[in-house]
Amino acid sequence: MSAPKLLSANFGSEVSFHLDHYLERGGYEQARRVLAEMAPEAVIDQVKQAKLRGCGGAGFPTGMKWSFIPKGGAKPVYLAVNADEGEPGTFKDKYLLTYEPHMLLEGMLICAKAVGCHKAYIYVRGEFDLPIARMEGAVAEAYDRGYLGPDVMGSGFAFDVVVHRGGGAYICGEETALLESLEGKPGHPRLKPPFPALVGLNGCPTVINNVETLALVPHLLRLGAGAFLDLGVPTQGGTKLYCVSGQVNRPGIFEASPSVTLRQLIDDYAGGVRGGAKLKAVIPGGLSAPVLKPDELDTEASFEGLKQVGSMLGSAGLIVMDESVCMVEAMRTITQFYAHESCGQCTPCREGTGWLRRIVERILAGHGRAEDTDNLDSIARKITGTTICPLGDAAAWPVMGFVEKFRDEFEYYCRTGHSRVSGARVAG
Amino acid sequence: MPKLTIDGREVEVAPGTTLIEAARRLAIHIPHYCYHRGLSIAGNCRMCLVEVEGVPKMMIACHTQAADGMVVHTDNDKCREYRAAILEFILVNHPLDCPVCDQAGECKLQNYYMEHGTAGSRVDEDKVKKRAKAKQIGPNIMLDSERCILCSRCVRFTDEITHTHELGITERADHSEITLAPGAWLDNRYAGCVVDLCPVGALTDRDFRFKCRVWYLTAVDSICTGCARGCNITIHVNRDRPHKAGGTRVMRYKPRENPAVNQWWMCDAGRYSYKQIDHERVDSAAVDGRPVAVEQALDASAAALKRAAAAVAVLCATTATNEELFLARALFAGALGGHAAYLAPPQGEQDDLLLLADQSPNTRGAQEILGTEVRDPVGWVKAHGVKAVVVVGEADLTGLKAEVDHLTVIATHPGKAAAQAHVLLPGSVHAEVEGTFTNHAGRVQRLRVAVPPIRGAVETWRLLLELAGRLGHPFDFAFEDDIFAALASQLAPFAGLSHDNLGRRGALLGSGAPQPTEVV
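For the record, the sequence lines run as chains A and B.
Each step along the first sequence adds one to the number in the working numbering, with nothing skipped, and position 235 is 235.
To convert, count from 1 in the second sequence and add 1000; that's the working numbering.
No lab work stands behind these hints, which were simulated from the structure alone.
Careful, some of the hints might be misleading.
[What the hints assert, rightly or not] List time: in silico BS3-like cross-link candidates among lysine-lysine, alpha-carbon distance up to 25 Å:
| id | chain 1 | residue 1 | chain 2 | residue 2 |
| --- | --- | --- | --- | --- |
| 1 | A | LYS192 | B | LYS1057 |
| 2 | A | LYS119 | A | LYS75 |
| 3 | B | LYS1244 | B | LYS1275 |
| 4 | A | LYS192 | B | LYS1078 |
| 5 | A | LYS192 | B | LYS1244 |
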């Protein structure tokens, strides 16, 4: 527990979201320095060297993403901040919006200078009442005091920020659905290519970054790329926010080095499994990440570490389940979520997610059949890799993971019509 | 120019060409629903997934661009496995109501499932119920959302082609539905095209609904007569079960692709104009209003024309075929030494997609063949001292009868022309003859016989030949193609053209020979 709290030191504070408080802590100094004296390429180099990776879920190298933006093009460049935090088990960005809105704005300013952008949108999940209010307050303060507007901090650099409230669709966290939604259209992901770096918002080059990613940027520049990288692991610089939920003693949000293991996060940070019960399974990176069993928990909770055990860090939302959890019932929650949130645009996801849900519900009602377990797996396998956007994969991976690791529970339920864990049958 | 290999065959294509189009160049059909060459790429049906060597994921052929050295498989085991999976997904919620669905028999879901689907079903779940079941969404269009596979072709058509934006998709996941925009009604001029575009039975035409199973229909290439555009169509004829539709012979028009004329579309006015073919036809000859046999009427007409000697004229409506116009010219202006002209075509509305103000299919042909346009028939016959007139087609001839000794009208429908006639002859419509029309841009396009002349009527060109014979000037033409051959040999703009070499897409006047047709 030695990592510094770059992002979370003021979580829960009554004052940290005010501009003055942020300034007292050295806020906007890195943005001031970047705007005054750093070349865009130098900023991007720092971000690349620091191995900052996107914290929205994919872990894409941020510096590389910024470097894809064409230089000196005729079209304006936009920055879209993805604050549509909706991955079940994930609740880190809303803390940043609530307690460190100026940290995000400073990161946005630095990004804007690096990619030549003068207008940004913060797309916030519609249900986030307090985070939206705080973010809007911070933007107003920043305009009042010259940290946003036509001449940011006297540098001559113009930068405008609009806080956009989403409509409450999970899919709008997918970056191209987010752009569609910003343009006033239904949140249907776009075909790629072209990628948003070339054809994004309103057809213009667009950088889309997660809140946490951008909030780390001022720290990266303050510490320098080397020191920032040293906080993390060789493939991923900086600290990471982890959201731990489920049957643990102290569910919550924890900032740690990505060198931390899942077991440390559960036992040391979250106080261990609730009531001393036995751990059964952990979904390590938000609902979409394939489930892990207790013997896989000594894995490093980094993007690369979790990839090596066939799962992913994703949005770093750990969902911890103890032995009282029936995996078939848990599967219902998961399949219902994706069947509800599929945008309905492409066939495999639109039809497949609802089909999976209905099969799981039928099993739970006691009408399972011997072939259902195999069918769940084979249906999921035909959703992966065949859809327009990653929601299809996100819906399919948990099913494949559950069936692979808890097949006997599914087969038992299908055979007997009741749960091996709880003995219960869910009325159909 | 990227050179790639598709199913073992090399093809070189222009940069930016998609795999589905590159495959088409090799006559390889990649199954698809949402893709349409006339619309933007949506990539939502996922039916066209193909394997590209070196790429782990299956790629959609409609959106993936050909690259140099690419090796593509469109029909190996993996492709077939994924195609079957996509079809299975589509059928999870698609009703199995084919026996009562109008689309059955021309349904891409039925057809692809027969070819690529799995035999059995492992779907045992209830299907999603949707709100719009047999819901009228426009004057001619019915929507069945449960049959809809959400390919979005209809939405893209109203967005991109008509720019009328009546349709959208609302709701999410498997509750997604095609919906009318608030306050909208699918009543644009081209609304019928959404039925053609719909690959399944979600959008059906109220005019055709439940009238005839499509497998009883025969499709014949023809040209729409609604305006001077000359949209390429197929006429769907109910030859096998006429008793199923109250004896109606022609059941519908469908647009036929021609990139140079109408692309894939046609307007509703043209689409539903098929109804004229069998509606209130002139089915008997008459002399002074008394029904007589056609031979008697021809005799009477010939006798009157002979009396007038060279003071004869023919006035043709611009609905006549090039062949009919040429015969009229050859007989009246040529053999008889009289006059031949065409009647000014009626004008209507026009728009910026297809519809032209000139409501006749062959005005350009009449200009080329007859040359003289007549706006005032009475004044014209007076000026030329004409004593006997033959009118081919419909026109307002008020006052003409009083100006001449004799008026013969070859008519298809009772109208202003037929009402004036001393001698009325029952002629043919475009669907009843072989022939050609020349569209506004000078494209000569073929008509094929869809149905024989309606009972009692005779092909107009045969009536003209019969008159010629009775007037002592027989022509040596057995069929319409002979007439066209004579036309092509005598009129320079038609030189080199023949019924055979016009092909399915026609040829421009003066082109000498038709352009090679594209692979379809």
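We went through each hint and held it up to the structure:
A distance of roughly 14 Å separates the Cα atoms of LYS192 (chain A) and LYS1057 (chain B); the hinted pair therefore holds under the 25 Å criterion. With a CA separation close to 12 Å, the supplied pair LYS119 (chain A) and LYS75 (chain A) stays within the 25 Å bound. Restraint check: the Cα-Cα separation between LYS1244 (chain B) and LYS1275 (chain B) comes to about 16 Å, which is no more than 25 Å; the hinted pair holds. Straight-line distance between C-alpha atoms of LYS192 (chain A) and LYS1078 (chain B) comes to about 23 Å, which keeps the hinted pair within the 25 Å bound.
Restraint check: the Cα-Cα separation between LYS192 (chain A) and LYS1244 (chain B) comes to about 50 Å, which exceeds 25 Å; the hinted pair is violated.
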